[in-house]
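Basically my numbering = 1-based index in the first sequence + 407.
Simulated from the structure, these hints should not be mistaken for laboratory data.
Treat the hints with care, as some may be off.
[To be verified] Below, in silico cross-link-like pairs of lysine-lysine (DSS-like), each with a Cα-Cα straight-line distance of 25 Å or less:
#1 Lys705 / Lys727
#2 Lys514 / Lys537
#3 Lys858 / Lys612
#4 Lys592 / Lys554
#5 Lys454 / Lys721
#6 Lys454 / Lys612
#7 Lys527 / Lys537
#8 Lys777 / Lys795
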Amino acid sequence: MAINEKRTITKQSVDFPGWYQDVVRDAELAEVSEVRGCGIVRPYGLKIWELIKAELSRQLEADGVENVYFPIFVPLENLEAEKDHVEGFSPELAIVTHAGGEELVNKLAIRPTSEAAMYKTYAKWIQSYKDLPLRLNQWANVVRWEKRPRAFLRWSEFLWQEGHTVFASEEESRAEVGKMLGIYKSVYEFMAIPTFSGRKSESEKFAGAVMTLTAEVMARDGKAIQGATSHYLGTNFAKVFDVKYLGADGEFHFGHQNSWGLSWRSVGALIMVHGDDNGLRLPPNIAPVQIVIVPIYKDEEARKQVLEYCENIKTNFSDKYRIKIDARDGQTPGFKFNYWEVRGVPVRLEIGPKEASEKKLTIFRRDNGKKEIIELASLEEYLPKTMKEIHENLYAQAQDFSSKNINRIESWDEIKDQVGWFEASWSEDAETEKELKEKYGIVSRVLLTEKENAAPKNKKCFISGQTAKHDWLFAKCY
RNA sequence: CGGGGUGUGGCCCAGUUGGUCUAAGGCGUCUGGUUUGGGACCAGAAGAUCGAGAGUUCGAAUCUCUCCACCCCGACCA
408 MAINEKRTIT KQSVDFPGWY QDVVRDAELA EVSEVRGCGI VRPYGLKIWE
458 LIKAELSRQL EADGVENVYF PIFVPLENLE AEKDHVEGFS PELAIVTHAG
508 GEELVNKLAI RPTSEAAMYK TYAKWIQSYK DLPLRLNQWA NVVRWEKRPR
558 AFLRWSEFLW QEGHTVFASE EESRAEVGKM LGIYKSVYEF MAIPTFSGRK
608 SESEKFAGAV MTLTAEVMAR DGKAIQGATS HYLGTNFAKV FDVKYLGADG
658 EFHFGHQNSW GLSWRSVGAL IMVHGDDNGL RLPPNIAPVQ IVIVPIYKDE
708 EARKQVLEYC ENIKTNFSDK YRIKIDARDG QTPGFKFNYW EVRGVPVRLE
758 IGPKEASEKK LTIFRRDNGK KEIIELASLE EYLPKTMKEI HENLYAQAQD
808 FSSKNINRIE SWDEIKDQVG WFEASWSEDA ETEKELKEKY GIVSRVLLTE
858 KENAAPKNKK CFISGQTAKH DWLFAKCY
């Protein structure tokens, strides 16, 4: 490396995880902290999460879900109450053994998720069928001491929302599992990300759940990211925590429960779906800065003219867009162009004396790298149209990439050639999935909802040759 | 937990057959000046218990031992 060579982002094609880390750092989204596996999220990165959060919040509120907050600590005995649940989570628990200067008799777990924290209280709140449905959501941090952390996708501590609902009947409860997943899909669409949604296999479902629905996302290296999940818990937890109600029939019944969550892993998915070799590419909906104006001038006179022109534009559009003027002195336009491109700002306006005196603008689009010059007067019309186009273009690119990287395979021998995802007819036998994972590091990702009631294309399982049940999607994952 | 690697100013790092190392360079920062249409340049300045501890030695960033931390690959991952 030459002494003066500028630092560049690793190319995706060379080292995708390396590229990802470079983008996270160079776009100032986050950095590693001094605590193993925990990240420091910087203002720009957190703002993206907050914009995702705002959209989801809006939808949950519109749907009548109320927010609640429970403690970060969960009595360990509560967590241990549900057998599958504790088996799933105990390896990654952080446990508080000392507090207030003494050893605790009753150890406290830091919540890895809040089923065990909330449902004992739910049992108190629910007495009658009139108390149902109970639909609450919590925005919180949770801790899971994963062996292999990764920025945003798998940090030991992360922010998310977890919804916890109770219904009188299985029917209502199951209906909501799908409904919440639909909301998650729409939040991903808000980020211009297509998702593949449906049911998880028995071994991949949530620990303690009867059934898990997932929205899977394909990263640009062909791996899968679990974007959000929605679980039908049945009466598994209700029986443990005694969540029961007196029905109109005068009998006691256990409540049917769901839980559903989306975390800032979605920010990681966003980076991995839209990012390119120059850094981040953000869809306008969740771009902290949607429009950046770079003023260009040589002398003091031009500076004054150009800045005034820029300020006017900003004033006229700041009620509709998150807009920023990069008026830093001592930074060349070229530097600023690159600076904001790494950060994925969808639209850049370049304004110099030429534009200012001719009442024009040079517009650069981050999604396709194209520049054009337009009249100032047409900006009002141009912006909404362009923002929409950028969103649609990013979505279409992601859609196109995803569909090109899903192959149909019929036999075990074809697996070794797969780089992205593949679809195959599967027996759903746990042993075969284990074999697949051990040999190739590939797992079942999702049984698409539309395939749930369809006969498999091949009657025989691609692994075991036994009777296949459905056509599943398989992939390596983050 | 297995394999690999790295710890040196805020960041990236050179130096590791012991001795002009009184620790080099780049980025960034600060001062002044010239610049500004795709990552500007010149001059000057500040900033370092060389991960920690012990040891060997006349002398340790460099050698020995112990420990610690982090990163990457894998196993794990609702």
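State the violated hints by number, sorted upward, taking the hints as numbered earlier in the document.
1, 2, 4, 6
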